[in-house]
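Novice: Those sequence lines, one after another, are chains C and Y. Heads up: the first sequence begins at 0 in numbering that gives the first Met the number 0, then just goes up one per residue. Heads up: the second sequence begins at 0 in numbering that gives the first Met the number 0, then just goes up one per residue.
There's no promise every hint is true.
[Unchecked claim] Straight-line C-alpha distance at most 20 angstroms; calculated DMTMM-like pairs for lysine to aspartate or glutamate:
no., chain 1, residue 1, chain 2, residue 2
1, C, 48, Y, 239
2, Y, 45, C, 148
3, C, 36, C, 22
4, Y, 296, C, 66
Simulated from the structure, these hints should not be mistaken for laboratory data.
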Amino acid sequence: MMNSMSNIEYVKGLIEKGFKVLETDVIDQYQVSFVVKQADVLQVLVTLKNAGWKQMSYLSAIDWPDETKIEMVYILMNWERAVHVQIRSKIDRNDPVMPSIITVYPGAKYYERECHEFFGVKFPGNPDYEKQLILEMWDDMPPLRKDFDPQAYSDRKFTKREYNQDYKILSEDNKLKEKREARKERAQSLKGGPKA
Amino acid sequence: MKQMKLFLGPQHPGMHGNASVHLYVDGDIIKRSFLLPGMLHRGFEKGMERHSWVNNISLIPRVCVVEPDINEMAFAMGTEKLLGLEVPERAHWIRMIILELARLSIHLMAYGGLGGPTGNYTLMYHAHADRNSILDIFEQISGHRVYHQYIVPGGVRKDLPKGIEKDIHAFIDDLESRYEEYRDLGIENPSIVARITDTIMLPADVVWELGVTGIGMRSAVNKPYDIRKVMPYARYDQVEFYAPFADYSDARARIDCKLQEVLQSISIIRQCLIKIPEGPVRVPLGRGQSMRWTVPKGYVYSPVESSRGEFGYYMVSNGGTNPWRVGVRGASYPQGLLGIEKYMPGTRLDDAALWVDTMGVCSPEIDR
Numbered sequence: 000m001m002n003s004m005s006n007i008e009y010v011k012g013l014i015e016k017g018f019k020v021l022e023t024d025v026i027d028q029y030q031v032s033f034v035v036k037q038a039d040v041l042q043v044l045v046t047l048k049n050a051g052w053k054q055m056s057y058l059s060a061i062d063w064p065d066e067t068k069i070e071m072v073y074i075l076m077n078w079e080r081a082v083h084v085q086i087r088s089k090i091d092r093n094d095p096v097m098p099s100i101i102t103v104y105p106g107a108k109y110y111e112r113e114c115h116e117f118f119g120v121k122f123p124g125n126p127d128y129e130k131q132l133i134l135e136m137w138d139d140m141p142p143l144r145k146d147f148d149p150q151a152y153s154d155r156k157f158t159k160r161e162y163n164q165d166y167k168i169l170s171e172d173n174k175l176k177e178k179r180e181a182r183k184e185r186a187q188s189l190k191g192g193p194k195a
Numbered sequence: 000m001k002q003m004k005l006f007l008g009p010q011h012p013g014m015h016g017n018a019s020v021h022l023y024v025d026g027d028i029i030k031r032s033f034l035l036p037g038m039l040h041r042g043f044e045k046g047m048e049r050h051s052w053v054n055n056i057s058l059i060p061r062v063c064v065v066e067p068d069i070n071e072m073a074f075a076m077g078t079e080k081l082l083g084l085e086v087p088e089r090a091h092w093i094r095m096i097i098l099e100l101a102r103l104s105i106h107l108m109a110y111g112g113l114g115g116p117t118g119n120y121t122l123m124y125h126a127h128a129d130r131n132s133i134l135d136i137f138e139q140i141s142g143h144r145v146y147h148q149y150i151v152p153g154g155v156r157k158d159l160p161k162g163i164e165k166d167i168h169a170f171i172d173d174l175e176s177r178y179e180e181y182r183d184l185g186i187e188n189p190s191i192v193a194r195i196t197d198t199i200m201l202p203a204d205v206v207w208e209l210g211v212t213g214i215g216m217r218s219a220v221n222k223p224y225d226i227r228k229v230m231p232y233a234r235y236d237q238v239e240f241y242a243p244f245a246d247y248s249d250a251r252a253r254i255d256c257k258l259q260e261v262l263q264s265i266s267i268i269r270q271c272l273i274k275i276p277e278g279p280v281r282v283p284l285g286r287g288q289s290m291r292w293t294v295p296k297g298y299v300y301s302p303v304e305s306s307r308g309e310f311g312y313y314m315v316s317n318g319g320t321n322p323w324r325v326g327v328r329g330a331s332y333p334q335g336l337l338g339i340e341k342y343m344p345g346t347r348l349d350d351a352a353l354w355v356d357t358m359g360v361c362s363p364e365i366d367r
């Protein structure tokens, strides 16, 4: 196995020579990330696969509502060179369409399906991407988007349960109520800390 | 003949976890199959975004029920990478002891799980009894048996209790002395050997197609592709061990690799107990309050070697007190979903549970 820093240089040369890279970040000696344009993603992946990045470790998305963008993430692994490569690309959030990569990495099939379910990204080229996978009969917006509020969803969807608030103090020595009050106060005081 | 639909799981002695495999069988040959996940979906990735970094320490071990420590390690390492934090030397060694004990416990559980689909429950009872001893050790170290919340960003929660070395040595000596007995019960047992030899194959091209890692990959490609070896974290570069591999991946080869790893884990624990230095075990994070610290902006993927392969957290911070996005790369995601869809058809119905077992499919990390 070669020196890991020279492996980073190798992959940097490979990508930066062939494509317009918007941002490069060397995270540590085993990991490097590139931000590329959406149109280049498939070609970058093909280049990396031919260079030995045979395994796709992870595919997902990140929601950036302030920029109205969804950022796609592909993490590839080369076991010979011991480098994880992150490929990231921002796509439009209102109509997120990303060509499927299953022709390059067949293992992406279910990752894309999951990504569609949780972020609403469309993957033309993947035959099954619209089928439901994990969320059964989901009837709301894709849940990992930032504007989805699980609390509000649950309040809307399910009836509130009523809990019995009364409790008896059986013996005089029982300081449960005082303890509870003290704990509640302490929790409140912690909440009011200065904002970061 | 007409095809019939059968369900393997969620309640089946050979199925681990709450997932169901839908099988279309013709006679006793599986013609079509797919996994139905979602019975265990608890919204972890959304939950992590809604909680602060420190709150997440108690949330993440729940991602994988039987092997919680790898979650803690991946989360802690990712946070430390984002913070640019250096962990005390002693904490690295304590982490390795914890991780290898956890690896022993999950390998025992998985190996004992072989008893379910083959009907050899003795193996399962033995393995679970030994796993219980590991949980006792964990209870002494961290106060918890299953979800330890022990490996935290910045080190480990507290130092090892006095005299724990004696207990660990006693346990691993005992386990090692009965290693041959375990082999006889499972992998050398004629009734099981007939079920696992030359069946449930995982060729190397399928490994690369699906993205299978861990024992499944190593037993097929004949290379020691282990994260601990290839990109060592903690202090795995300072201990001597090997990652078992093979060039013919039938179910038996995979189980054999798993058993060899048990011996390697025992050896790593012994070396750690010798090499562990004295010193502090945790550094303060030093950004903001103790409970509301912030993490600088960044994207990081932090992989660890779990018992089933490469397990990683993809962590994104926007500089706030909560993570912006945490994605979990479950080690058994490729073989659990695409593998069952594409490569389970063709096997016999009675091997379906063994297929799921020896490929190491763990439903909690598929659902998250």
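Novice: Determine for every hint whether it applies to the structure shown.
Specialist: Against the structure, the hints:
| no. | hint | in the structure |
| --- | --- | --- |
| 1 | C:48 - Y:239 | violated (32 angstroms) |
| 2 | Y:45 - C:148 | holds (10 angstroms) |
| 3 | C:36 - C:22 | holds (10 angstroms) |
| 4 | Y:296 - C:66 | holds (16 angstroms) |
This entry does not satisfy hint 1, going by the numbered hints stated previously; all others are met.
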